[in-house]
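Protein chains in written order, with our numbering: chain A, 1 to 316; chain B, 1 to 316.
Any given hint could turn out to be false.
It does not matter which identical chain is meant; a pair holds if it fits inside one copy or across any two.
[Said to hold, decoys possible] Dumping the calculated BS3-like pairs for lysine-lysine here, alpha-carbon to alpha-carbon at most 30 angstroms:
1) Lys144 <-> Lys290
2) Lys121 <-> Lys37
3) Lys131 <-> Lys121
I should point out that these hints are in silico values taken from the structure, not numbers from a laboratory.
Read off the chains here:
2 protein chains.
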Amino acid sequence: MSRILRVAAAQMGPNPRDMPRDVILERMIALLDGAAKSGARLVVFPELAFTTFFPRWLIEDEADLSRFYEQRMPGPSVQPLFERARTLGVGFYVGYAELTGSGRRFNSSVIVGPDGEMLLKYRKVHLPGSKEPRPAQRYQQLEKRYFLPGDLGFPVARGPETWHRPVLGMLICNDRRWPEAWRCLGLQGVELVCIGYNSAAYDPNGGNTEDSERRTFHSTLAVQANAYFNSTWAVSVAKAGDEDGSGLIGGSCIVSPDGIVVAQARSLDDEVLMADLDLDAGLQGRAPGKMFDLGLHRRPDQYQRIVDQAGIEAPA
Amino acid sequence: MSRILRVAAAQMGPNPRDMPRDVILERMIALLDGAAKSGARLVVFPELAFTTFFPRWLIEDEADLSRFYEQRMPGPSVQPLFERARTLGVGFYVGYAELTGSGRRFNSSVIVGPDGEMLLKYRKVHLPGSKEPRPAQRYQQLEKRYFLPGDLGFPVARGPETWHRPVLGMLICNDRRWPEAWRCLGLQGVELVCIGYNSAAYDPNGGNTEDSERRTFHSTLAVQANAYFNSTWAVSVAKAGDEDGSGLIGGSCIVSPDGIVVAQARSLDDEVLMADLDLDAGLQGRAPGKMFDLGLHRRPDQYQRIVDQAGIEAPA
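Based on the sequences and whatever the hints tell you, model everything.
Structural data, given as structure tokens:
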């Protein structure tokens, strides 16, 4: 019996800092409705989807800062999305800023099943940016200030019967550039990796760095290669466009276990991509005796350095 | 002072089984001469460059088999290449079948300096194929029969002053598809990864598998992404074309630390590619505070699974 799952990537345009939460929710619900109408069972939203990408600002007032965090998921301000999804019988991935009961903060994501139950929760491991603001720069990247590194590893869970029980995993933004993260999912037999991101399109402080085309190329390259290495589908979804004067790349994409981009966003706005994923397609790569039969070909005794050191130890 | 190193990829056409060793050596020396004339300091040859890709044959006679192996490097039958390189003051990477004094066999490679001294030796870790021949198939892939997995890890060494002392590493063929291998090099500050390969262009036994274009795409994708993740240059070099009825892809390429293909072969024959590598270009990626500052951003405590298990452990 074929295991086909129709999924949607729900790319979002910018969430300016003064856009009210209910307007953002309305946009997300419109994307969800459109995807459901086209038969999607699972809809992937971006990282920090309910707010602006607030790590670009130094926010010293705790009350101002805490407005961006969810103390429970779903809390009251995101409840309408959860209710609509349950009504439609559609599941979704969404990224959000998490504040725990003990005051710890994480850049987190969840996958919610078609019945509204939480299937899986993840906390971003690879936080970019800095803890201290860079002097004299209008735009910051303060993820290391506002979040702790994820402490849940790279968990997976099986989706429901109606989805053909795929092994689901998650990454968030910068994680997609770290092959260690993908391999931890691949070693658990992941069949679909959901990813949300907010990635700068250029240096908002006017530095002479790579352009938006090069950055979109890197974003897509990372997903293509890691999907191929781990014989998994991937849905990688941007918040895109000009958010309060800081540009974000689009390029949301759905990538096959062969590393082929089967759908890619063309706008920097709210936009839905769809694909029918054959969940058994990964077996071309990782079935017994194949090129990516991990148990047959991997040599963990030669990889110890990967866990024994964080940074570079170069020869003299 | 800028650190520019001119390198060459010396792609080779097929080495049919009955092509005499001295003819193969003459072709390699012609490639070396051409590269040196154009100013190359380091020339990268393919995997198992001195012979046909003999793991495609089941060879049960030990004397027949041992003809393909080098008992020392350089031994008499490859000496002319070493001598010419030393005369030209050019270094090179070359892959060969190694037979040790104790009778162990490896799929190996060396980098030789411009003075003819061995700079570095590597033994392929990721052996594809099978140990036992597949019944009723004309063409085999018996690397697991003819070689032991490499036992040297992923060593690096610095090149000489005249090359601006780059940190050099090596991979062989299938290794390039395994991000663990690249990361072990990246964690040692590698600046240039040399790779030789023999990769099937199609199923020589007539199976309905991926075509040559798709396989070349995968070969290039793997090098682009891993070069980018590890902020390193890479030179990836094929033995290409129809070797005794079994087709090999070409697509030899030189890839920047940004994952950009700066040169790529167009033929399936003996062909030299050249590029001037700015060895400091990788600093765009991995300098302190940058996206791939490994020590700042990696989280080895979350990666333990990579060394604790070889194969997939999927949820129930």
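For each hint, the structure was consulted:
When the C-alpha separation of Lys144 and Lys290 is checked against a cutoff of 30 angstroms, the pair qualifies only between copies, where the shortest distance is 13 angstroms, while the shortest distance within a copy is 40 angstroms. In this assembly of identical chains, the alpha carbons of Lys121 and Lys37 lie at most 30 angstroms apart only when taken from the same copy (26 angstroms versus 59 angstroms across copies). In the homo-oligomer, the alpha carbons of Lys131 and Lys121 lie at most 30 angstroms apart inside one protomer (25 angstroms), although the nearest pairing across protomers, at 42 angstroms, exceeds that limit.
Hint compliance for this structure: no hint is broken.
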